[in-house]
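Chemist: Chain by chain, the residues run as shown.
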Amino acid sequence: MSEPDLGKVWIGVAAEVWRRRPGALERLASRLLRSPGLARALLTTPSLLLPWLIASIVVLGAGAAATLGTGQPLVALVAPALAAAAIAYAYGPGIDPAWELSCSMAVSDRMVLLVRALAVFAVNAAFGLVASAASGTAAAVTFGWLIPMTAVCAFTLATATVARSAAAGAAAGLAAWMITVLSGRVASGQFAAVVTRAVLVLPYLAIAVTCTAVTVYATRIPRGTSG
Amino acid sequence: MNVEITGLTRRFGRNQAVAGVDLRAGPGVFGLLGPNGAGKTSLLRMMATVIPPSSGRMLLLGRDPGSYEPRREIRQRLGYLPQSLGYYPGFTVVEFVEYFALLKDMPARQVPKAVAAAVERVDLGAKAKAKLRTLSGGMLRRVGIAQAIVNNPELLLLDEPTAGLDPEQRVQFRALLRDVGQNATVVVSTHLVEDVGAACTAVALMDAGKIVFQGTPAELTARGEGTTAAGDAPLERGYTAVLAQARS
Numbered sequence: 001m002s003e004p005d006l007g008k009v010w011i012g013v014a015a016e017v018w019r020r021r022p023g024a025l026e027r028l029a030s031r032l033l034r035s036p037g038l039a040r041a042l043l044t045t046p047s048l049l050l051p052w053l054i055a056s057i058v059v060l061g062a063g064a065a066a067t068l069g070t071g072q073p074l075v076a077l078v079a080p081a082l083a084a085a086a087i088a089y090a091y092g093p094g095i096d097p098a099w100e101l102s103c104s105m106a107v108s109d110r111m112v113l114l115v116r117a118l119a120v121f122a123v124n125a126a127f128g129l130v131a132s133a134a135s136g137t138a139a140a141v142t143f144g145w146l147i148p149m150t151a152v153c154a155f156t157l158a159t160a161t162v163a164r165s166a167a168a169g170a171a172a173g174l175a176a177w178m179i180t181v182l183s184g185r186v187a188s189g190q191f192a193a194v195v196t197r198a199v200l201v202l203p204y205l206a207i208a209v210t211c212t213a214v215t216v217y218a219t220r221i222p223r224g225t226s227g
Numbered sequence: 001m002n003v004e005i006t007g008l009t010r011r012f013g014r015n016q017a018v019a020g021v022d023l024r025a026g027p028g029v030f031g032l033l034g035p036n037g038a039g040k041t042s043l044l045r046m047m048a049t050v051i052p053p054s055s056g057r058m059l060l061l062g063r064d065p066g067s068y069e070p071r072r073e074i075r076q077r078l079g080y081l082p083q084s085l086g087y088y089p090g091f092t093v094v095e096f097v098e099y100f101a102l103l104k105d106m107p108a109r110q111v112p113k114a115v116a117a118a119v120e121r122v123d124l125g126a127k128a129k130a131k132l133r134t135l136s137g138g139m140l141r142r143v144g145i146a147q148a149i150v151n152n153p154e155l156l157l158l159d160e161p162t163a164g165l166d167p168e169q170r171v172q173f174r175a176l177l178r179d180v181g182q183n184a185t186v187v188v189s190t191h192l193v194e195d196v197g198a199a200c201t202a203v204a205l206m207d208a209g210k211i212v213f214q215g216t217p218a219e220l221t222a223r224g225e226g227t228t229a230a231g232d233a234p235l236e237r238g239y240t241a242v243l244a245q246a247r248s
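Protein chains in written order, with the working numbering: chain F, 1 to 227; chain U, 1 to 248.
Check the hints yourself; a few may be wrong.
[Said to hold, decoys possible] As a list, the in silico DSS-like pairs of lysine-lysine whose alpha-carbon atoms are at most 27 angstroms apart:
no. : chain 1 : residue 1 : chain 2 : residue 2
1   : U       : Lys127    : U       : Lys113
2   : U       : Lys210    : F       : Lys8
3   : F       : Lys8      : U       : Lys131
4   : U       : Lys131    : U       : Lys113
5   : U       : Lys129    : F       : Lys8
6   : U       : Lys113    : U       : Lys129
7   : F       : Lys8      : U       : Lys113
[Claimed, not checked] Just some of the chain F residues that point at chain U, by a computed CB distance under 10 angstroms:
no. : residue
8   : Leu53
9   : Trp99
10  : Met105
11  : Val186
12  : Gln190
No wet-lab data here; the hints were simulated from the structure. Every residue, glycine too, gets a C-beta built ideally from N, C-alpha and C.
Just need the whole structure built from these sequences, with the hints factored in.
Modeler: If you want it as structure tokens, here you go:
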């Protein structure tokens with residue numbers, strides 16, 4: 001009888017002892033995305049980690065309370081800025097410690113960026129809607145900020161991607177949103193004008209589409225060789 | 001040939017980091033030597049498909065990395081250790097290696113055994129469940145090597161792999177290189193001449209973005225014989241002599 005290969009036996013044992021059992025959320029993401037690697041990359045998104053989510057809930061909760069107290073639609077004004085910052089800190093150099101390594105992986109970094117950005121957007125939209133509804137604002141305000149939020153997030157993502165800096169993206173997004181809100185206030189006398197006026201929907205959509213195109217272009221697959 | 005490079009260049013603004021490199025490498029351990037700033041890291045990053053070349057032709061594992069699908073196939077068969085390995089401090093050794101095994105698109109069922117084998121190969125079994133933030137610099141380097149070899153790569157690219165390793169670990173690492181190099185092409189960028197002498201079957205010397213010597217370690221040694229080139233070992237004298245000749 002031949003001797004067993006103890007090295008192979010040990011590797012089998014170690015694999016069982018050391019293996020990490022993915023949680024329910026990771027298993028679900030893995031099934032939906034059809035890629036365990038992409039699912040794992042999604043769950044390591046810095047702006048989807050518990051401390052960030054708690055901070056977002058606290059800010060929106062404070063906004064809802066202030067809205068109830070003052071009558072000003074603070075949630076509608078804060079939610080797009082919060083989502084934009086989270087989008088900027090979803091993926092990129094300086095955000096992912098192993099960014100350089102990630103760029104050499106079979107799961108493309110463009111897919112990681114897309115999946116993370118969509119997930120961050122969805123989570124922030126859900127949080128914002130709950131806070132907005134809880135703050136007792138009119139339906140126009142409760143839902144009115146979703147399209148501006150799309151534009152601000154797309155602008156932030158495009159800036160962060162082109163500048164290769166999350167901080168630059170977040171700063172540009174927040175500054176752009178603040179200028180928009182203040183301009184709306186000056187023009188109409190109301191802070192809520194930027195999220196309630198139907199005439200702004202088309203410009204917001206145009207900005208969102210243009211910025212998404214810029215992001216897609218900036219993350220295109222570069223040519224590997226040339227003749 | 002696993003690596004076929006012709007006239008490869010890479011510019012960063014006005015600075016030409018790689019200036020027309022021709023390189024061919026089959027299975028074995030290939031050492032890439034050169035002083036700091038010679039262009040070794042830029043060349044390795046292009047071969048790792050992290051950055052595209054400015055011009056030139058590159059075939060890796062018989063595929064052109066300029067197109068999406070061939071590039072994905074190359075990356076599935078690639079192992080890469082960057083010069084500066086970023087890591088997630090809250091991950092354990094196993095979680096880190098597993099994460100990159102999954103990003104390399106390895107079949108999920110094969111991952112646990114592949115991870116265990118890679119962790120054992122770099123002698124980190126005793127630290128498998130340790131958080132990365134608790135490890136020393138040398139141990140982190142070995143974690144980086146483990147993620148690079150977890151998919152049994154056909155092309156393994158290592159940038160300064162022995163930085164931070166103690167002498168005993170470096171001896172073990174060279175044995176690992178020779179083992180991997182039996183079936184795969186291993187390209188090791190280093191400025192430590194003794195690593196090349198001990199582990200490499202072929203060597204190229206880069207200076208100012210160009211390859212100024214290509215041959216075997218014995219041939220490099222021979223270039224220093226009978227000269228007054230500085231160096232404590234014969235290979236070092238060959239290295240210095242070739243560099244002096246290239247710059248004269």
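Chemist: Next step is simple, just say for each hint if it's right about the structure.
Modeler: Here's how the hints hold up against the structure:
Taking the CA atoms of Lys127 of chain U and Lys113 of chain U, the gap is near 16 angstroms; set against the 27 angstroms cutoff, the hint holds. For the hint linking Lys210 of chain U to Lys8 of chain F, the alpha-carbon distance of about 44 angstroms lies beyond 27 angstroms, and the restraint is violated. Of the pairs offered as hints, the one joining Lys8 of chain F and Lys131 of chain U holds, with about 26 angstroms between alpha carbons and a cut-off of 27 angstroms not exceeded. Taking the CA atoms of Lys131 of chain U and Lys113 of chain U, the gap is about 20 angstroms. The hint holds against a cut of 27 angstroms.
Between the alpha carbons of Lys129 of chain U and Lys8 of chain F the distance comes to roughly 20 angstroms, so the proposed pair stays at or under 27 angstroms and holds. As the CA atoms of Lys113 of chain U and Lys129 of chain U are separated by approximately 15 angstroms, the hinted pair is consistent with the 27 angstroms bound. Taken as a hint, the Lys8 of chain F and Lys113 of chain U pair is honoured in the structure, with Cα atoms around 10 angstroms apart against an allowance of 27 angstroms. With its C-beta approaching chain U no nearer than about 16 angstroms, Leu53 of chain F sits outside the 10 angstroms limit, and its interface hint is violated.
Satisfaction of the interface hint for Trp99 of chain F is found here, the shortest Cβ-Cβ separation to chain U being roughly 6 angstroms, below the 10 angstroms cut-off. About 4 angstroms separates the beta-carbon of Met105 of chain F from the nearest beta-carbon of chain U, less than 10 angstroms, and the hint is met. Evaluation of the Val186 of chain F hint against chain U yields a violated restraint, the C-beta minimum of about 42 angstroms exceeding 10 angstroms. Contact between Gln190 of chain F and chain U, as hinted, is not supported at the beta carbon level, the nearest pair being about 45 angstroms apart and thus beyond 10 angstroms.
Violation of the numbered hints given earlier is confined to hints 2, 8, 11 and 12; the remaining hints are satisfied by the structure.
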